[in-house]
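Visitor: Protein chains in written order, with the UniProt record's numbering: chain A, 1 to 348; chain B, 1 to 299.
Hints should not be assumed to be uniformly reliable.
[Unchecked claim] Here are the simulated DSS-like cross-link-like pairs (lysine-lysine), alpha carbons at most 27 Å apart as the crow flies:
no. : chain 1 : residue 1 : chain 2 : residue 2
1   : A       : K319      : A       : K293
2   : A       : K108      : A       : K95
3   : A       : K293      : A       : K244
4   : B       : K202      : A       : K102
5   : B       : K75       : B       : K64
6   : A       : K102      : A       : K114
7   : B       : K202      : A       : K95
8   : A       : K21       : A       : K3
9   : B       : K202      : A       : K114
10  : B       : K292      : B       : K202
11  : A       : K108      : B       : K202
12  : B       : K75       : B       : K251
13  : B       : K292      : A       : K95
14  : A       : K114      : A       : K3
[Claimed, not checked] Residues from chain A that keep clear of chain B, each with C-beta distances beyond 12 Å, as calculated:
no. : residue
15  : V67
16  : G138
17  : G236
18  : P239
19  : E297
20  : P337
It should be emphasised that the hints constitute simulated quantities derived from the structure, not laboratory data. Glycine is no exception: its CB is placed at the ideal position from the N, C-alpha and C atoms.
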Amino acid sequence: MAKVTLDGIRKVYPNGFEAVKPSSFDIPDGEFVVLVGPSGCGKSTLLRMIAGLEDISEGALSIGDRVVNDVDPADRNIAMVFQNYALYPHMTVAKNMGYGLKNRGVSKAEIERKVAEAAEMLDLSALLDRRPSQLSGGQRQRVAMGRAIVRNPDLFLFDEPLSNLDAKLRNQMRIEIRALQRRLGVTAIYVTHDQVEAMTMADRIIVLNGGVIEQIGTPTEIYENPASTFVAGFMGAPPMNLLKAKVNGAGTAEVTEGLSFPAPAGASGDVLVGIRPEDLEIAEDGDMQMEVKIVEELGANRLLHGDLGGQEFSVSVPKQQEVTEGQIALRIKSGEPHVFDANSGRRL
Amino acid sequence: MIDITTATPNAATITPKRRFKWNVALDHLVLIVGSLFMILPVLLAFTTASHDAVTIHREGLQLKMGDQLGVNFQKAMFEKGGFTDTVDGMRMLTNSFILGIGFAVGKIIIGMMAAYAIVYFRLRFASFAFWIIFTTLLLPLEVRILPSYEVIQGLGLTNTYTGLIVPLIASATATFFFRQFFRSVPEELVEASRIDGAGPVKFFIDILVPLSRTMIAAMFIIMFVFGWNQYLWPTLITTEESFFTLVRGIKQIVISYTDAQIPEHGQALALAFVAIVPPVLVVIFFQSWFVKGLTESDK
Numbered sequence: 001m002a003k004v005t006l007d008g009i010r011k012v013y014p015n016g017f018e019a020v021k022p023s024s025f026d027i028p029d030g031e032f033v034v035l036v037g038p039s040g041c042g043k044s045t046l047l048r049m050i051a052g053l054e055d056i057s058e059g060a061l062s063i064g065d066r067v068v069n070d071v072d073p074a075d076r077n078i079a080m081v082f083q084n085y086a087l088y089p090h091m092t093v094a095k096n097m098g099y100g101l102k103n104r105g106v107s108k109a110e111i112e113r114k115v116a117e118a119a120e121m122l123d124l125s126a127l128l129d130r131r132p133s134q135l136s137g138g139q140r141q142r143v144a145m146g147r148a149i150v151r152n153p154d155l156f157l158f159d160e161p162l163s164n165l166d167a168k169l170r171n172q173m174r175i176e177i178r179a180l181q182r183r184l185g186v187t188a189i190y191v192t193h194d195q196v197e198a199m200t201m202a203d204r205i206i207v208l209n210g211g212v213i214e215q216i217g218t219p220t221e222i223y224e225n226p227a228s229t230f231v232a233g234f235m236g237a238p239p240m241n242l243l244k245a246k247v248n249g250a251g252t253a254e255v256t257e258g259l260s261f262p263a264p265a266g267a268s269g270d271v272l273v274g275i276r277p278e279d280l281e282i283a284e285d286g287d288m289q290m291e292v293k294i295v296e297e298l299g300a301n302r303l304l305h306g307d308l309g310g311q312e313f314s315v316s317v318p319k320q321q322e323v324t325e326g327q328i329a330l331r332i333k334s335g336e337p338h339v340f341d342a343n344s345g346r347r348l
Numbered sequence: 001m002i003d004i005t006t007a008t009p010n011a012a013t014i015t016p017k018r019r020f021k022w023n024v025a026l027d028h029l030v031l032i033v034g035s036l037f038m039i040l041p042v043l044l045a046f047t048t049a050s051h052d053a054v055t056i057h058r059e060g061l062q063l064k065m066g067d068q069l070g071v072n073f074q075k076a077m078f079e080k081g082g083f084t085d086t087v088d089g090m091r092m093l094t095n096s097f098i099l100g101i102g103f104a105v106g107k108i109i110i111g112m113m114a115a116y117a118i119v120y121f122r123l124r125f126a127s128f129a130f131w132i133i134f135t136t137l138l139l140p141l142e143v144r145i146l147p148s149y150e151v152i153q154g155l156g157l158t159n160t161y162t163g164l165i166v167p168l169i170a171s172a173t174a175t176f177f178f179r180q181f182f183r184s185v186p187e188e189l190v191e192a193s194r195i196d197g198a199g200p201v202k203f204f205i206d207i208l209v210p211l212s213r214t215m216i217a218a219m220f221i222i223m224f225v226f227g228w229n230q231y232l233w234p235t236l237i238t239t240e241e242s243f244f245t246l247v248r249g250i251k252q253i254v255i256s257y258t259d260a261q262i263p264e265h266g267q268a269l270a271l272a273f274v275a276i277v278p279p280v281l282v283v284i285f286f287q288s289w290f291v292k293g294l295t296e297s298d299k
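Let's have the full structure, built from the sequences with the hints guiding it.
Guide: Next up, the structure:
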């Protein structure tokens, strides 16, 4: 168990492409951190640099108190779970889990004991003699995790481990991984492009975009106070509505005539007003007039898509609420709208 | 719906007229003719081998079984023959096996290691090296036979198994097949094994070789049969009869008796038959692996 420190870590590929711009953050011991972002944002590259599978172009990486920039992956005392599990197809489950220990010269009896212990924990005891090809996706994923935990690593690395599973199994494994990490108390870094995974699993989320860290924070902070329009749009489903507006002389952000929102002091010029679909409710006396064009039925709630002040807009309403297409009046249920600078995308 | 349910029992009692399928018949005809075309010469060799030399010399190939089968096989396999009376069929069979197996195993080992280097290590000019290896396919033994002979002769390796096997071992074919196979092995396996603390040698032996089992089997068949059937190179490099392989020995039997006697066609055909058996067995034994190796891979 260890804390992880990244100090100005940067990745430039030989062809000159800068996959990760200089990034710094600390992960305290035992924390579960999720790196999230769209594909190509550099999150996997960052993880692979921490694993030692990719060279670090610049900056210092420490695990524990040791700078590990030039340490071989095998000697960093980390364990990694891959997207495609990367199990050795010709080895049994037990051999797969014990291979890392065997390479480290651990005695046979000790390997057997540790594998049995991990298998017990992951409910794999009955499958130890099977080959990976005889297992289901969920079981393979468990074996990959078993391979990670038998080694008592300082750090767990997960590279989109659930993206090959079906939705139901994914929900279940999400909880299992989280519970396991809590129980073992091992620091973990988890890469995903799925914002739901990020929100549900993380102690802290790091949102990446184009090789740059957009925001670091707890799931609540990220949801409540997105630092930029990118974070606002990426985290949360359905995404936050962003309305183009202009700050007028009275210090309010005006979308169209008769539709304006309070703007923070110092805001000026073009801004984007962000309102989450779930922060709105239908109200007779609401001052926002929306034209509903499509109603999406989600079961627990309904999603209304349409047009507000000439711009696209969505609202989420509870299932009890009867709605038809056409004109409705809305009001903000709770909180203040978020205001972002239209050019930089930063929060004002 | 009702019509259909009532009609069903009728359909069961009256067997429908099955139309004769001409295309199926034609398929089978082609297959049967093809099989006969392949099998008949072997069968003919076998039946002819059961007659004595005189009969064969006088009447040609025999379709009926004669009574000399045991004698011919016995003589061909166990009686020392040839110019110097030092080599029998068993010796030649052993030599053929040494050549076939040595050839196949050597090619597989060299090919795998070359492919491993090309695929997994960041070598300068790796792909250039690969294409150089690949172009050697354009230079088969027959083209470079004189220089090859010079080298082996200079090294004093004539009339040795080393001289027989080693010059033929470097293989572009095996390297190419293994390269293609290694490239299809997922990158994540390499990474997982790196994190598991396996170095390059361990990865090769623990992961890559077991994964290549089917590929190795397929290569073994091809290379074994190829080595088994070598004729030109052994003829050139071995002059002592104790190094003769079956393929050469067949001819030797016929030649060595030509002066005064009727050639021992029966024995020669018996030897030819013996020479066919091992490759056939290898193919049958490895067949399922062979198909797997060339078409799919259990990754």
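Visitor: Does each hint hold? Answer for all of them.
Guide: A quick look at each hint next to the structure:
no.: 1; hint: K319(A) / K293(A); verdict: holds, 18 Å
no.: 2; hint: K108(A) / K95(A); verdict: holds, 11 Å
no.: 3; hint: K293(A) / K244(A); verdict: holds, 20 Å
no.: 4; hint: K202(B) / K102(A); verdict: holds, 11 Å
no.: 5; hint: K75(B) / K64(B); verdict: holds, 21 Å
no.: 6; hint: K102(A) / K114(A); verdict: holds, 12 Å
no.: 7; hint: K202(B) / K95(A); verdict: holds, 15 Å
no.: 8; hint: K21(A) / K3(A); verdict: holds, 22 Å
no.: 9; hint: K202(B) / K114(A); verdict: holds, 22 Å
no.: 10; hint: K292(B) / K202(B); verdict: holds, 25 Å
no.: 11; hint: K108(A) / K202(B); verdict: holds, 18 Å
no.: 12; hint: K75(B) / K251(B); verdict: holds, 15 Å
no.: 13; hint: K292(B) / K95(A); verdict: holds, 24 Å
no.: 14; hint: K114(A) / K3(A); verdict: holds, 25 Å
no.: 15; hint: V67; verdict: holds, 19 Å
no.: 16; hint: G138; verdict: holds, 18 Å
no.: 17; hint: G236; verdict: holds, 31 Å
no.: 18; hint: P239; verdict: holds, 32 Å
no.: 19; hint: E297; verdict: holds, 35 Å
no.: 20; hint: P337; verdict: holds, 44 Å
Violated hints: none; the structure is consistent with every hint.
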